[in-house]
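If you use the working numbering, the first sequence corresponds to residues 1242 to 1722, in order.
Treat the hints as calculated values from the structure; they're not laboratory data.
Some clues are possibly wrong.
[As the list claims (entries may be wrong)] Just the calculated beta-carbon pair ranges, DEER-fashion:
id, residue 1, residue 2, range
1, Leu1561, Pro1514, 36 to 42 Å
2, Met1510, Thr1711, 47 to 53 Å
3, Arg1554, Lys1357, 42 to 48 Å
4, Val1420, Met1510, 49 to 55 Å
[What the hints assert, rightly or not] Quick list of in silico lysine-lysine cross-link-like pairs, DSS-like style, CA-CA up to 27 Å:
id, residue 1, residue 2
5, Lys1398, Lys1478
6, Lys1432, Lys1583
7, Lys1583, Lys1562
Ideal placement from N, C-alpha and C gives every residue a C-beta, glycine not left out.
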Amino acid sequence: MSTRSPHIVWFRRDLRVRDNPALTAACADGGPVLAVYVHSPRDAGPWGPGGASRWWLHHSLAALTSDLNRLGIPLLLLRGPTRSALLSLCSRVQARAVSWNRRYEPGSIEVDKRLKAQLAAQGVVAQSFNGSLLIEPWQITTGVGSPYRVFTPFWRKAQTLVQAEPGLPAPEPRRNHFVVDAPGLTLESLKLLPRIPWAGGLAATWQPGEAGAHSRLERFLVESIQGYREGRDYPQKQSTSGLSPHLAFGEVSPRQVLAAVHAHWNSGMGLTPDADFFVRELFWREFSYHLLFHFPNTPTENLNADFDTFAWRQPDPVLLKAWQQGRTGLPIVDAGMRELWKTGTMHNRVRMLVASVLTKNLRYHWLHGARWFWDTLVDADLANNTQGWQWTAGTGADAAPYFRIFNPVTQGERFDPEGGYVRRFVPELAEVPTRFIHQPWLLPPAEQARLGLAGTPYVRPLIDLASSRTEALAAYKTRGD
DNA sequence: TGAAATGTTGGGGCG
DNA sequence: ACGCCCCAACATTTC
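Please work from the sequences and hints to get the whole structure.
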């Protein structure tokens, strides 16, 4: 009798069937397995999935449903609140156990704790696993026992641990032959897709789901990891991995990525420098989770309290909107913001530039940027997004000093020397000669008129780089007073 | 995973 | 030949 009661696998941001410890454990139990996803945006408070993430989630759930079906496991879709949905499911199907992979956001930790206690009280086995990280946040501390706040020592320590115990990715579980009948909601009824069909650019760019994640990984390993160290700085090259949304939704695990990199690019003498630099980015993700876990208020509060009295400016709605929509008149900034809107992602160097412009030149609180990114990025991840914004704003761990203010013209000329990236995403600048592509306002007026730029922000940007820089530096000096 | 201002050096033009 | 100046190139400092 007890062997016939199902083992539930609760899916969250681990939407894959390979190397999924919770699923592996449930399948190893030998009885019926039932998978469930609970859509409960309200449980996540202000950080419920944004528009781009919901689009991704819809398609990733569709992919997971068919991947699990292949294994004979039904995926139930439920609506939250999470705890009551799971508890009532457990009693309805008389579950014997629930397994899940741990999350590290403050809200999820709270839900998990209470769920675990309530399941135990009902006599249901509850077990959680590490399915998302190479190093869980509590696994390493500094010499004095505190959490790390600086990347490099974190990285060193984390690497020694991972090298000692790399862990092998688990294969796909064997097919489940039991039948579990428990009807859930349809995917459509979750209403994850946008009502206005703006997601065409996303669909053209991405293939959500585990298969898409692995083809992206393979393509990266074969085509672009070579030269990554240099190439990753050039946004018009496709040198970055593009794995971030797949990692954010857990369609591939960092352990699988690490193992694949080692399989391709470890010559026995260690990783190639290109591969090593890529792996370093995986550890930035680990560092972000370490910080989020140990400083759970950082999604809204400065990690560095010196900035709590900093004189951020009240956003001008027109300027904020121009930044969001890529109409500031600064070519590479606008290109980045339009790339984000169109494709749900933005090259990392350009993310730093647009964030520098918002937090330093405009001196708007980094949360305005974090919220916009949250809504528009397909790789929106609370740990990474928080850490990234606090890093650029200078309020975070191991952060860029406040006085490091990027100049979008200089950066554009250095990292997009031909202007290919700008031309791709800002078509009205496509015909501008390369000399002027990053500062079209210097073109002679007759040329501007001929190119149709008269009256656009490209002949008079909304942000004066020189004066806003000076003002930002002055504001920094009085920080904390 | 800065930029701009300031300081230093050394080659070459030129009286 | 020499000193002087200019200035590009590079280094250092400051924010």
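Going through the hints against the structure:
About 40 Å separates the C-beta atoms of Leu1561 and Pro1514, a value consistent with the hinted range of 36 to 42 Å. Between Met1510 and Thr1711, the C-beta spacing of about 50 Å keeps the proposed range 47 to 53 Å intact. As the Cβ distance of Arg1554 to Lys1357 is approximately 45 Å, the hint placing it in 42 to 48 Å holds. Range check, Val1420 to Met1510: Cβ separation about 52 Å, and the 49 to 55 Å hint holds.
A distance of roughly 32 Å separates the Cα atoms of Lys1398 and Lys1478; the hinted pair therefore is violated under the 27 Å criterion. Our distance criterion of 27 Å between C-alpha atoms is met by Lys1432 and Lys1583, whose separation comes to about 21 Å. As the CA atoms of Lys1583 and Lys1562 are separated by approximately 16 Å, the hinted pair is consistent with the 27 Å bound.
The structure fails to meet hint 5 from the earlier list, while all remaining hints are met.
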